[in-house]
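Number of protein chains: 2
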Amino acid sequence: MKQKYEQQMKKGVLEMLVLRLLSENEKYGYQLICELKERSDGTFMLKEGTLYPILYRMEEDGLVTNRWSEPKGREVSKKYYRITGEGRAVLTELWELWQSFAGSVGSIMKK
Amino acid sequence: MKQKYEQQMKKGVLEMLVLRLLSENEKYGYQLICELKERSDGTFMLKEGTLYPILYRMEEDGLVTNRWSEPKGREVSKKYYRITGEGRAVLTELWELWQSFAGSVGSIMKK
DNA sequence: ATATATATTTAGCATTACTAAGTACATATT
DNA sequence: AATATGTACTTAGTAATGCTAAATATATAT
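Protein sequence lines correspond, in order, to chains A and B.
Residue 92 is where the first sequence ends in the working numbering, and the numbering goes up by one at each step.
Residue 92 is where the second sequence ends in the working numbering, and the numbering goes up by one at each step.
By construction, these hints were calculated from the structure, which means they are not laboratory data.
In this text, all values refer to a predicted model and were calculated from it rather than measured experimentally.
We treat Cβ as the ideally placed atom computed from N, Cα and C, and that holds for glycine.
Be aware that one or more of the hints could be misleading.
Partial list, computed: chain A residues near chain B (C-beta under 8 Å) [unchecked claim]: (1) Tyr37; (2) Arg38; (3) Arg69; (4) Thr73; (5) Glu74.
In silico negatives: residues of chain A with every beta carbon more than 10 Å from chain B [unchecked claim]: (6) Tyr9; (7) Glu41; (8) Arg55.
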């Protein structure tokens, strides 16, 4: 039961979190999954089938671009994502939206 | 664009908000729509097609029950919803879940 | 040799907030 | 009287998104 609601609550914030991590520096998919897990203390443990479609969508929308790394030594080539100017603008918008949204939830719940 | 994300952010919290309002006293559907709008300063302006299915789902899950009011005078009969014991338990769970969730979002966004 | 970790892709499913339309009655306006 | 608006509930269908699950590939550890 709890699981079902937890899943739903995530809708709409994952893009924001991914953009936030990418606003620090370029990162590849698997790295994003690991960082989201660590930095949320296990709240955001995304599956590949969740993260990669998010990245593809954001690329279509012009919020990120990607480049394949040239593997050094025995390294595997990785797909690095970089946030665009529009991505930063949307990130700012989303953060404001989230704060206002969370504030409204709080005002109803705490009354 | 903003609208799209706002819609998604709502997923999973509407049940919690409705249960919270019903935890005060029994209410009918239209009343819930009005109170959600007022008490969130316009953030939660649910359409009928959003609220009523939520109530039906929660009834199926045993979180609420309903009764039709006996109309006094020229009043229209209204369907009042009342929260159950299980509904209160789920409300508590959802509130804890939301707080932890919002905390995780904050910890990633503010770093 | 096998298992685990890293790294990406994609098909299909479930859930839910929405649009949009319909029903019905009461009150207000023209 | 006729029309519009407000109250109150119902339901069919759509879009979006997080999930499961499987496939592919290489590197490292047991």
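Tell me, in ascending order, the numbers of any earlier hints that this structure violates.
Result: hints 1, 2, 3 and 4 break, sorted rising.
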